[in-house]
Amino acid sequence: MPSTPRPSQQLSRRGFLAATGGLGAALALAACSSSGGSSGGGLSGASTALLPSTAPVGWSKVIAQANAKLKKDLGFTLDAQFTAWTNYGQQALLKFTAGAHFDTALEALWLNMSQLVQSQSLVDLSGEIGKYPNLKAQLSSQLIAANTWSGGKLWGIPQVNSAGRIQHFTIRQDLAEKYGFSDIQDYDTLERYFYAVKQKAGITPFGASSNSTFLYVVPGPVGLFNAQSWSDPLTSAHQFTGSNLYFLFDRSAATTGSSNPKPFWEDAGCLDAFNRIRKYNQDGIIDANAISTDQATANSRWNAGGYASIWAMSDGTSSNGLPTLQKTVKSAQLANVMPLPAGAKPLQTFQADNVVVVNANGGDLERTMHLQDWLSIQENHDLLEYGIQGTDWEPAADNKYKILSQYSFPGYGLLWRSKLERRSLYMTASEEKIFDWAQSYDNFTLDPFASFVPDITPVKQEIAQMTNVMTQYANPLYYGVGDVTSQLSKLKTAADGAGLAKIQAEMAKQADAHLKAQKS
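Numbered per mature numbering (1 follows the signal peptide of the UniProt record, and there is no 0), the sequence shown spans residues -30 to -1, 1 to 490.
Each hint should be verified, as a subset may be incorrect.
[Claimed, not checked] Under the rule of at most 25 Å between Cα atoms (straight-line distance), these lysine to any residue pairs were calculated in the SDA-like manner: (1) Lys486 to Gly121; (2) Lys249 to Tyr149; (3) Lys31 to Leu374; (4) Lys101 to Ile114; (5) Lys472 to Asp220; (6) Lys430 to Ala478; (7) Lys472 to Thr427; (8) Lys41 to Gln51; (9) Lys101 to Lys389; (10) Lys65 to Gln51; (11) Lys41 to His71; (12) Lys389 to Asp368; (13) Lys372 to Gly275; (14) Lys249 to Gln169; (15) Lys372 to Lys403; (16) Lys232 to Lys486; (17) Lys232 to Ser222; (18) Lys101 to Ser14; (19) Lys389 to Lys430; (20) Lys372 to Glu402; (21) Lys31 to Phe52; (22) Lys232 to Ser14; (23) Lys106 to Trp119; (24) Lys123 to Ser213; (25) Lys123 to Ser388; (26) Lys486 to Gln169; (27) Lys65 to Phe52; (28) Lys460 to Thr437; (29) Lys315 to Ala171; (30) Lys462 to Lys472; (31) Lys39 to Leu374.
Keep in mind that the hints were calculated from the coordinates and are not lab data.
Since this is a predicted model, take the numbers as computed values, not measurements.
Start from the sequences, fold in the hints, and give me the full structure.
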């Protein structure tokens, strides 16, 4: 799944300073010129990038410094246009369909990529990466292969800082130790921690937010509150397009050749998660109004000490908020909890949760690629990712950095590079252990549908209707709003009316064809 995040993270990302210096940048640019890409001397204007989140604290000073260097090096500037996560997906899609002039946007399979590919709104970058040596050096062949669609099309530049990504929990370790939960290794113990915090500390145990939706339930390979998926993280879940209906494929599909997709609500683990979340809502484990609480609000409450745990991804960034939290709660300590069985190898597609795409109808490909190449040089990457050295951050030993301000750029939307990302000085031992584990492809099981991206064309109309059904009828289940049985009945009836049978049959047809092609 997305570091969903990654469905929508707004915790600060990571960084440090490299030893390349101005000479290294100049040499890299010269190499770019000599290897087939243009030198950038004829480029001008501003490269507009659509980004989720809000402008970071101190953004005006950082972008001014970055643009001065970018203008000098390449002749153009960066115009980062921020949109809150609550509206980002819809607003970005509208700008694509309206033919707006911008170069890049953050996209993903869980957002709008399938629709954008189908509408020919994206530029195929499969022949571009090799022209830009700094960028090429940062993107492994395995990463490119995992994100290349059928027909050899690469519809965006994957933004990752690890091999595999598993969502999990960041908890208040100081509270865990206070109430007797110093070492949480399984979901049952984590749940007992939630209830102990609710009873004894009087704060909300988990900070749920409106943009997480299916992440709480659907095993991809784990659903955050799907206890069964934590015990057995080997289910393959896929949808036609973002925020839509998930199907779970047969566990023996690779052997039998039959995907036999079932709607996620037919899975016992998902049904248990629905009932569990309903209880969490009623018991105050999550906010009763979580369905309308955006991520920025949830993060603010977390930083103010209002929650005992919050969503995390195995990207090494969740400890970054500790300095801000400790300004409010001086005794606060953090830990990461990933309640997988010892030795588990969760299913992974190795597709990036976040992808930088190029606008085919109003974007400048050459300018975009030069910017991506420029951001693949350590000092340029660090300036935008972490801010101004000495003001927003400073280097520390062992390839780490110390956070000095509240500057937090959504690097996953523009410039994440595995080999350039540095670790925060505040990274906890538990998060470092998870982050190290996530770096190796060998710690995961390859999903037999890893390169499968279904074509929405045959069921485009039904998918549009199903998206509305999921929003209206599935979202209340994701947040425990109302009786599970009656709400699930409404969801099933609405899904049938939106064309479930046709979508399911088409998914089976395409998934089975994928399995057959894999064997040929």
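The hints, checked one at a time:
no. : hint             : in the structure
1   : Lys486 to Gly121 : holds, 16 Å
2   : Lys249 to Tyr149 : holds, 22 Å
3   : Lys31 to Leu374  : holds, 15 Å
4   : Lys101 to Ile114 : holds, 15 Å
5   : Lys472 to Asp220 : holds, 19 Å
6   : Lys430 to Ala478 : holds, 16 Å
7   : Lys472 to Thr427 : holds, 12 Å
8   : Lys41 to Gln51   : holds, 18 Å
9   : Lys101 to Lys389 : holds, 19 Å
10  : Lys65 to Gln51   : holds, 12 Å
11  : Lys41 to His71   : holds, 20 Å
12  : Lys389 to Asp368 : holds, 14 Å
13  : Lys372 to Gly275 : holds, 22 Å
14  : Lys249 to Gln169 : holds, 15 Å
15  : Lys372 to Lys403 : holds, 19 Å
16  : Lys232 to Lys486 : holds, 19 Å
17  : Lys232 to Ser222 : holds, 14 Å
18  : Lys101 to Ser14  : holds, 20 Å
19  : Lys389 to Lys430 : violated, 39 Å
20  : Lys372 to Glu402 : holds, 15 Å
21  : Lys31 to Phe52   : holds, 16 Å
22  : Lys232 to Ser14  : violated, 51 Å
23  : Lys106 to Trp119 : holds, 19 Å
24  : Lys123 to Ser213 : holds, 23 Å
25  : Lys123 to Ser388 : holds, 22 Å
26  : Lys486 to Gln169 : violated, 54 Å
27  : Lys65 to Phe52   : holds, 13 Å
28  : Lys460 to Thr437 : holds, 15 Å
29  : Lys315 to Ala171 : violated, 35 Å
30  : Lys462 to Lys472 : holds, 14 Å
31  : Lys39 to Leu374  : holds, 23 Å
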